[in-house]
Amino acid sequence: MGNWLEPKYTQLILHGFMTTLVLSVCAIVSSTALGFLLGLARHARRRAITRAAALYVLTFRNSPLLVQLLFWYFGAATLLPQAWMSWLNTPHPLAVGGLTFAWPSFEFVAGWVGLTCYATTFVGEEFRAGMQGVPRGQQQAAAALGLTPFATFRYVVLPQALRIALPPLAGQYMNIVKNSSLTMAIGLAELSYASRQVDTETFKTFQAFGAATVLYIATIAVLEAALLVVRRGGAYGRHGGAR
Amino acid sequence: MSVLEQLHEWWPTLRYLLLGSFPQGPLGGAALTVAMSIVSALLSALAGLAGGIALAMTRGALHFLLVAVIGLFRAIPVLLLIFWTFFLMPMLLHIDVPGLACVICALALIGGAYLSHSVQAGLAAVGAAQQQAALSLGMTRWQALRYVQLPQGLRIMAPSFVNQWVTLIKDTSLAYIVGVPEFTFLATQVNNRLMVYPVQIFLFVAFVYLVLCSTLQWAVGRLLRKPRRIGSKGAALAARAVVEHRAARHDAGSA
Amino acid sequence: MKFQPFAAAAAIVVALWAVSGAAHADRLDDIKKAGVLRVATFDSNPPFGFVDPKSNQIVGLDVDYARAVAKRLNVKLEIQPTNPANRIAFLTSRKVDLVFANFTITDERKKEVDFSTPYFASGTQFLAKKGVLKSAQQLNALRIGAAKGTTNEQQVRTQFPGATIVAYDDTPFAFAALRAGNVQAITQDGPKLVALLANVPDKTNYEIPPFAISNDYEGVGVPKGETRLLNTVDDTLKGLEANGTAAKIYDQWFGPSSRAPLPRLFRIGDAQKS
Chain A
1 MGNWLEPKYT QLILHGFMTT LVLSVCAIVS STALGFLLGL ARHARRRAIT
51 RAAALYVLTF RNSPLLVQLL FWYFGAATLL PQAWMSWLNT PHPLAVGGLT
101 FAWPSFEFVA GWVGLTCYAT TFVGEEFRAG MQGVPRGQQQ AAAALGLTPF
151 ATFRYVVLPQ ALRIALPPLA GQYMNIVKNS SLTMAIGLAE LSYASRQVDT
201 ETFKTFQAFG AATVLYIATI AVLEAALLVV RRGGAYGRHG GAR
Chain B
1 MSVLEQLHEW WPTLRYLLLG SFPQGPLGGA ALTVAMSIVS ALLSALAGLA
51 GGIALAMTRG ALHFLLVAVI GLFRAIPVLL LIFWTFFLMP MLLHIDVPGL
101 ACVICALALI GGAYLSHSVQ AGLAAVGAAQ QQAALSLGMT RWQALRYVQL
151 PQGLRIMAPS FVNQWVTLIK DTSLAYIVGV PEFTFLATQV NNRLMVYPVQ
201 IFLFVAFVYL VLCSTLQWAV GRLLRKPRRI GSKGAALAAR AVVEHRAARH
251 DAGSA
Chain C
1 MKFQPFAAAA AIVVALWAVS GAAHADRLDD IKKAGVLRVA TFDSNPPFGF
51 VDPKSNQIVG LDVDYARAVA KRLNVKLEIQ PTNPANRIAF LTSRKVDLVF
101 ANFTITDERK KEVDFSTPYF ASGTQFLAKK GVLKSAQQLN ALRIGAAKGT
151 TNEQQVRTQF PGATIVAYDD TPFAFAALRA GNVQAITQDG PKLVALLANV
201 PDKTNYEIPP FAISNDYEGV GVPKGETRLL NTVDDTLKGL EANGTAAKIY
251 DQWFGPSSRA PLPRLFRIGD AQKS
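Residue numbers (the numbering used here), protein chains in the order written: chain A, 1 to 243; chain B, 1 to 255; chain C, 1 to 274.
Quick caveat, the hints were computed from the structure, so don't treat them as lab data. No incorrect hints appear here.
Simulated coverage check for chain C against chain A, where a stretch passes if three residues somewhere in it have a Cβ under 8 Å from a Cβ of chain A:
(1) 102-114
(2) 143-150
(3) 173-185
Positions of the beta carbon are idealized from the N, C-alpha and C atoms, including for glycine.
Given only the sequences and the hints, what does the whole structure look like? Please build it.
What follows is the structure, encoded as structure tokens:
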């Protein structure tokens with residue numbers, strides 16, 4: 001097993017780790033937003049919306065993420081018009097609020113889209129479970145107090161639903177981080193890709209995969225710790241819910 | 001070209017995708033996916049039961065170690081674990097381990113880790129009162145587990161098992177990365193050869209997985225709907241214990 | 001009683017460990033005893049290794065050579081399909097006995113595997129849409145698709161540090177990305193690109209610029225230290241050249257009547273130019 005990797009390779013792995021983190025954060029944000037909407041849609045009044053939502057969940061939950069990623073990158077890319085593809089593949093510097101962001105590669109975009117679509121189903125289910133877990137009595141009491149349905153939702157149901165959903169939601173965020181490893185199949189240079197590349201060039205299998213494993217586990221551990229902090233002290237405290 | 005002619009033209013490819021090069025070669029394609037899923041599901045169920053029971057029954061340092069190991073398997077991406085088993089297993093066991101066995105092992109380990117938590121949660125959901133009642137009837141801890149807690153707990157755990165098995169069916173697609181000729185691998189092979197039908201091929205692949213997973217969910221749903229007399233053996237044991245206890249007290253002469 | 005299952009498992013692992021350490025016979029003997037030669041070949045790289053759509057079997061130039069070795073050893077041939085990234089992994093983790101997958105000989109790789117005498121020669125070339133790539137200097141500004149684990153990827157990275165390399169699992173994936181516009185050129189051995197292009201439905205849109213950036217030789221991958229097996233492979237290859245079979249195999253896949261004709265410039269046993 002011997003010596004450690006040269007700095008050139010450690011840098012490759014760290015660069016891959018950064019890509020994993022950025023991809024995961026982007027996917028977490030987008031899937032939370034969309035998952036919230038999906039959770040609402042599952043409870044909508046109109047049958048058409050609930051049916052569409054159920055169909056979305058069925059298709060994206062029961063097929064493998066790897067196949068979905070391959071579809072988005074190799075399949076859907078051929079469906080987009082040529083002009084769009086050229087635009088997506090030319091770097092346009094994004095200047096937002098004084099910061100310049102590097103233009104994401106198409107691999108990143110496809111990975112993000114694929115991860116988001118997949119994770120949205122699970123996040124949506126957690127939101128739905130959270131909302132279902134709030135007792136009906138709460139809504140009725142709020143109505144008795146004269147709150148509008150929207151105010152009931154925003155001040156009574158939602159905080160409690162979020163508190164119920166938080167641990168499984170954190171679990172889904174951890175899944176997003178782990179699932180980001182599949183984007184190596186579409187050429188995104190994230191952590192698993194980088195560790196495989198280092199292994200191919202240096203043959204130091206244990207060092208390369210060991211470094212990647214440690215980094216993934218550290219990220220998951222940080223998420224777990226964050227969950228603990230939020231549950232113990234943070235935003236929800238011990239009182240939560242309606243005042 | 002008529003539908004029949006088109007089917008005739010596509011039949012060899014379809015057969016290849018569903019069965020691999022069987023019987024001239026090893027089993028592959030969707031058939032291998034199903035076989036892998038079944039074997040991994042059984043192994044992970046066993047591992048999960050063992051792990052869950054161990055988590056429920058142990059205390060102290062051993063419990064902590066168990067939690068750490070199980071936590072490790074839940075924190076590592078499946079892909080990385082497949083790489084590890086691929087490289088490590090032949091080295092550890094000093095025998096030639098085919099790629100298929102490595103993938104099944106990795107899937108069983110991860111499935112077992114997740115199921116351990118479900119089993120532990122299910123056992124806890126049954127309630128301490130059940131265990132205490134069983135113990136007070138004269139059963140040992142293991143008998144209480146086997147005849148009272150597990151049968152009731154399994155019903156509660158069943159959805160988690162189904163969810164984990166559905167995830168397992170999807171995770172078999174990762175065997176593609178290490179060259180196991182399962183369905184996704186063969187589909188990408190065909191896509192590489194044909195080059196101009198990626199949308200159709202990947203949609204077809206997703207559809208087949210959809211069918212597989214949905215069938216599993218539906219089948220287990222139907223199985224669970226029938227009322228099952230799970231408690232019968234436990235009830236018989238409990239009844240016998242009560243009778244023998246009363247007889248023993250009677251013989252000894254109650255005070 | 002709680003620890004019985006754990007103790008049993010531990011005992012089994014220890015027993016396996018003890019028993020296995022003893023048996024470390026020669027790989028050639030193992031192959032002859034098992035009656036099977038396990039070989040890793042490509043499954044998506046015509047004409048070296050690809051799936052024949054009619055029989056759904058893996059065929060190709062590499063497969064023919066592998067079959068010759070198996071015949072000489074009087075054993076059955078078992079093919080493990082692979083992409084470039086998994087070749088060495090299969091060999092070093094003992095899942096295959098030989099690698100017949102257009103395996104380029106490099107000094108780095110020689111540290112992990114042994115190579116037979118070269119049986120093919122090629123250079124790293126590029127494939128791009130017509131009119132895009134005219135000279136090697138342009139490469140520094142382009143996005144280039146490659147296959148993971150190939151020498152082409154490493155060579156482009158070393159010689160053209162300004163280029164953005166996107167590595168996929170195998171060459172057809174890179175080509176799909178080229179077609180979709182995600183990369184502007186792909187890199188592979190010249191003969192592979194020629195054969196790939198011959199199979200593409202819209203081949204008139206693409207071209208292979210005539211320059212190459214390296215001179216490579218491909219050989220059979222043999223597990224490190226297995227000298228008897230290596231010698232058998234070398235003898236087989238040299239024998240094939242001597243009795244003309246090598247030329248016949250080449251003709252079948254690259255000859256004038258094949259889909260991707262290429263003149264045969266390298267014969268087994270020729271001197272290598274560095």
